[in-house]
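There are 6 protein chains.
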Amino acid sequence: MGTVALLSDEEVSAEALAVFNDIRAVRGTDFINNFWRALAHDPALLKATWERLKVVMAPGALDPLVKEMLYVAVSTANGCSYCVHSHTAGAKAKGMTDEMYGELLAVIGMAMQTNGIVTGLQVPVDEVFEA
Amino acid sequence: MGTVALLSDEEVSAEALAVFNDIRAVRGTDFINNFWRALAHDPALLKATWERLKVVMAPGALDPLVKEMLYVAVSTANGCSYCVHSHTAGAKAKGMTDEMYGELLAVIGMAMQTNGIVTGLQVPVDEVFEA
Amino acid sequence: MGTVALLSDEEVSAEALAVFNDIRAVRGTDFINNFWRALAHDPALLKATWERLKVVMAPGALDPLVKEMLYVAVSTANGCSYCVHSHTAGAKAKGMTDEMYGELLAVIGMAMQTNGIVTGLQVPVDEVFEA
Amino acid sequence: MGTVALLSDEEVSAEALAVFNDIRAVRGTDFINNFWRALAHDPALLKATWERLKVVMAPGALDPLVKEMLYVAVSTANGCSYCVHSHTAGAKAKGMTDEMYGELLAVIGMAMQTNGIVTGLQVPVDEVFEA
Amino acid sequence: MGTVALLSDEEVSAEALAVFNDIRAVRGTDFINNFWRALAHDPALLKATWERLKVVMAPGALDPLVKEMLYVAVSTANGCSYCVHSHTAGAKAKGMTDEMYGELLAVIGMAMQTNGIVTGLQVPVDEVFEA
Amino acid sequence: MGTVALLSDEEVSAEALAVFNDIRAVRGTDFINNFWRALAHDPALLKATWERLKVVMAPGALDPLVKEMLYVAVSTANGCSYCVHSHTAGAKAKGMTDEMYGELLAVIGMAMQTNGIVTGLQVPVDEVFEA
Numbered sequence: 001m002g003t004v005a006l007l008s009d010e011e012v013s014a015e016a017l018a019v020f021n022d023i024r025a026v027r028g029t030d031f032i033n034n035f036w037r038a039l040a041h042d043p044a045l046l047k048a049t050w051e052r053l054k055v056v057m058a059p060g061a062l063d064p065l066v067k068e069m070l071y072v073a074v075s076t077a078n079g080c081s082y083c084v085h086s087h088t089a090g091a092k093a094k095g096m097t098d099e100m101y102g103e104l105l106a107v108i109g110m111a112m113q114t115n116g117i118v119t120g121l122q123v124p125v126d127e128v129f130e131a
Numbered sequence: 001m002g003t004v005a006l007l008s009d010e011e012v013s014a015e016a017l018a019v020f021n022d023i024r025a026v027r028g029t030d031f032i033n034n035f036w037r038a039l040a041h042d043p044a045l046l047k048a049t050w051e052r053l054k055v056v057m058a059p060g061a062l063d064p065l066v067k068e069m070l071y072v073a074v075s076t077a078n079g080c081s082y083c084v085h086s087h088t089a090g091a092k093a094k095g096m097t098d099e100m101y102g103e104l105l106a107v108i109g110m111a112m113q114t115n116g117i118v119t120g121l122q123v124p125v126d127e128v129f130e131a
Numbered sequence: 001m002g003t004v005a006l007l008s009d010e011e012v013s014a015e016a017l018a019v020f021n022d023i024r025a026v027r028g029t030d031f032i033n034n035f036w037r038a039l040a041h042d043p044a045l046l047k048a049t050w051e052r053l054k055v056v057m058a059p060g061a062l063d064p065l066v067k068e069m070l071y072v073a074v075s076t077a078n079g080c081s082y083c084v085h086s087h088t089a090g091a092k093a094k095g096m097t098d099e100m101y102g103e104l105l106a107v108i109g110m111a112m113q114t115n116g117i118v119t120g121l122q123v124p125v126d127e128v129f130e131a
Numbered sequence: 001m002g003t004v005a006l007l008s009d010e011e012v013s014a015e016a017l018a019v020f021n022d023i024r025a026v027r028g029t030d031f032i033n034n035f036w037r038a039l040a041h042d043p044a045l046l047k048a049t050w051e052r053l054k055v056v057m058a059p060g061a062l063d064p065l066v067k068e069m070l071y072v073a074v075s076t077a078n079g080c081s082y083c084v085h086s087h088t089a090g091a092k093a094k095g096m097t098d099e100m101y102g103e104l105l106a107v108i109g110m111a112m113q114t115n116g117i118v119t120g121l122q123v124p125v126d127e128v129f130e131a
Numbered sequence: 001m002g003t004v005a006l007l008s009d010e011e012v013s014a015e016a017l018a019v020f021n022d023i024r025a026v027r028g029t030d031f032i033n034n035f036w037r038a039l040a041h042d043p044a045l046l047k048a049t050w051e052r053l054k055v056v057m058a059p060g061a062l063d064p065l066v067k068e069m070l071y072v073a074v075s076t077a078n079g080c081s082y083c084v085h086s087h088t089a090g091a092k093a094k095g096m097t098d099e100m101y102g103e104l105l106a107v108i109g110m111a112m113q114t115n116g117i118v119t120g121l122q123v124p125v126d127e128v129f130e131a
Numbered sequence: 001m002g003t004v005a006l007l008s009d010e011e012v013s014a015e016a017l018a019v020f021n022d023i024r025a026v027r028g029t030d031f032i033n034n035f036w037r038a039l040a041h042d043p044a045l046l047k048a049t050w051e052r053l054k055v056v057m058a059p060g061a062l063d064p065l066v067k068e069m070l071y072v073a074v075s076t077a078n079g080c081s082y083c084v085h086s087h088t089a090g091a092k093a094k095g096m097t098d099e100m101y102g103e104l105l106a107v108i109g110m111a112m113q114t115n116g117i118v119t120g121l122q123v124p125v126d127e128v129f130e131a
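Residue numbers (full-length UniProt numbering), protein chains in the order written: chain A, 1 to 131; chain B, 1 to 131; chain C, 1 to 131; chain D, 1 to 131; chain E, 1 to 131; chain F, 1 to 131.
These are computed hints drawn from the structure, not numbers from a lab. A virtual CB, placed ideally from N, CA and C, is assigned to each residue, including glycine. There may be inaccurate statements among the hints.
[Stated by the list, open to error] Derived lysine to aspartate or glutamate pairs resembling EDC-like cross-links, with alpha carbons at most 20 Å apart:
{"no.": "1", "chain 1": "C", "residue 1": "LYS47", "chain 2": "C", "residue 2": "ASP9"}
{"no.": "2", "chain 1": "C", "residue 1": "LYS54", "chain 2": "D", "residue 2": "GLU99"}
{"no.": "3", "chain 1": "B", "residue 1": "LYS92", "chain 2": "A", "residue 2": "ASP63"}
{"no.": "4", "chain 1": "B", "residue 1": "LYS92", "chain 2": "A", "residue 2": "ASP98"}
{"no.": "5", "chain 1": "A", "residue 1": "LYS92", "chain 2": "B", "residue 2": "ASP98"}
{"no.": "6", "chain 1": "B", "residue 1": "LYS92", "chain 2": "A", "residue 2": "GLU10"}
[Stated by the list, open to error] Partial chain E-side listing against chain D, Cβ under 10 Å, derived:
{"no.": "7", "residue": "SER81"}
{"no.": "8", "residue": "VAL84"}
{"no.": "9", "residue": "THR119"}
Next up, chain A with everything else stripped away, as it sits in the complex:
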């Protein structure tokens, strides 16, 4: 798998290495996962993606665990295997219990199910739902 090689620290540009090191500092681990090692072929895209991710996933009105679960939900609906794996691991690392994970899967399944039935019926939007 992969349309590009995964780059080691020794193979990346200085700009990409700086991003790797910021990822390490923010996450408090030396581990750099494959996404960043693939993306390092384009240091500008790597940097823009990481800089934005750092802002979006930071604690705010929603806590980081909720954000990880939302990420899993979107990635599942889009069928991105890598993303499902990495953000499920991220959610577990941030405290997602087995019970929470079961409920996350149940909500995803329920939403997928009614998405299908609603789209099949082409239900018109209730006026009360419009802004």
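Dock chains B, C, D, E and F against the given chain A, drawing on the hints supplied.
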């Protein structure tokens, strides 16, 4: 829009009306939104869908607002306009603030973005993410 | 809605009109639905699409009603409103009863649901399912 | 692959084992495929999913083979590899011939193609298709 | 349609108005389309989205018209009606001819078609395609 | 992986072999990739798919490299791993540089991102974008 007519209380079967009334009791409102009025053409499917939804969306390890936001996330990725509208309204009714909504949209956008880049690169899953 | 105007019989090229007339002959009706009127801006694409559709949807090992329901299933999963509407109408015209329609929606909903749960769990394929 | 371990009969709860045994009884085989072994981490979700699947996929106005093919169609559009594999195997077990399979693929391909062209053109729905 | 109101210049914050004015300057027109007027409820998300869009869609190794067509292709596959409309308009404004548009639609349709057939067959990736 | 076996030249029908040989002649290589070897189980579908692909991907108002990149964009949004791999290889073979590939990924990511935000907001289409 719609592949079937929306049924009024007077037009539905007794079984479907019983579901409508349970929806009213659980939600504490007389309002029945269009999804259920379309689904009432098939009382068995209506009943099974509502009974399951009631269980899945009930408070549990995840709170109902988080579940509504997860529902919005999945529905957005699947492009289900009706579902986005109805569950965004549901999330607002359960206390989603403007700030939370902005962060929800930002996480959805971020996830969609990296779903695309990861899938484009076909990044192999890191062993550490596997169970 | 629409990125191009819908073309009347008077506005289309001779090549496109010949396709319209073949659609009329095959379907036994004068009615040309909007898809073909939009596609007529590109007579070659119109012709290629219609010629292939005619072959694919003809009676074969699967009967035309089953094919229409499969078409609805795919179009629903892809969120194509127009396609859901037109092929649901097609299925009804070919004999889909209310009971069959209810089961079609139930299967679509079930498949969507387990698609979500399976993808969320990233279940590895059983060896026995591989060719 | 997998965000959770696959559970053996010895590792699952009594409630999950009861579901496994019902699957065995209904299907007339000892084999339990990976989906259920992954889902067994959450016995309640396992049970709800199986109970519903049993109802939805039972013979009715549509025969079980048609239902399996519809399941393949939805799973394909959603890009669920596991689901495509398992339900294609299910369809073959229920009598899908090579010729039927070829037509199933041709309809899926045709539907995907026109879904794309229609969505690209944003064709407005014909009034005659509305309920 | 819409989960939020569209904001006029008078209703937006100073930060959002500055973004509107940069959009006007970059595009050489006073017109602000609805996307930005909806997004202005969250000035930070508005600003981050516009700043990134400006970089990504600028002339580079790919010319802006190609980028607009790629945008249409992705938006079509994702079923985003608004995006298909706005970026098709953008592509036309950048010089997309009728002939190019027909070919764009034909490629989208072809890709959708083989996406479906390949996923249905679960074809293993050729080693020669791996990095 | 795979719901059918990959067929060697010796195993396919004469009709399928003729398609293989045309693929070889058009592409100027002996190599037949797995898609065609899987599809050869249904010679009619193989032939129809190849004949259409040959027309759609030929040089026209859009050059073949742009067409390959559009194919990658659609395949990525649809999550078709095989298609992403094969058409990325195709694009590279037709001259896609690293810089172009980086921009392709950036546009895909940007489009995915705004597809999500727009769909989340259910932004109404501006009148000026309608045909």
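Hints, verified against the model:
1. A hinted pair counts as satisfied when its Cα atoms are at most 20 Å apart, and C/LYS47 with C/ASP9 qualifies at roughly 15 Å.
2. Of the supplied pair hints, the one linking C/LYS54 and D/GLU99 holds, its CA atoms being roughly 18 Å apart against a limit of 20 Å.
3. The hinted pair formed by B/LYS92 and A/ASP63 meets the criterion: a straight-line CA distance of about 17 Å does not exceed 20 Å.
4. Of the supplied pair hints, the one linking B/LYS92 and A/ASP98 is violated, its CA atoms being roughly 27 Å apart against a limit of 20 Å.
5. This hinted pair does not check out: A/LYS92 and B/ASP98 have alpha carbons roughly 27 Å apart, beyond 20 Å.
6. Of the pairs offered as hints, the one joining B/LYS92 and A/GLU10 is violated, with about 49 Å between alpha carbons and a cut-off of 20 Å exceeded.
7. The beta carbon of E/SER81 comes within 6 Å of a beta carbon in chain D, closer than 10 Å, and the hint placing it at the interface holds.
8. The restraint placing E/VAL84 at the interface with chain D holds, with a minimum CB-CB distance near 6 Å, inside the 10 Å limit.
9. Using the Cβ-Cβ criterion of 10 Å, the hint placing E/THR119 at the interface with chain D is satisfied: the shortest such distance is roughly 5 Å.
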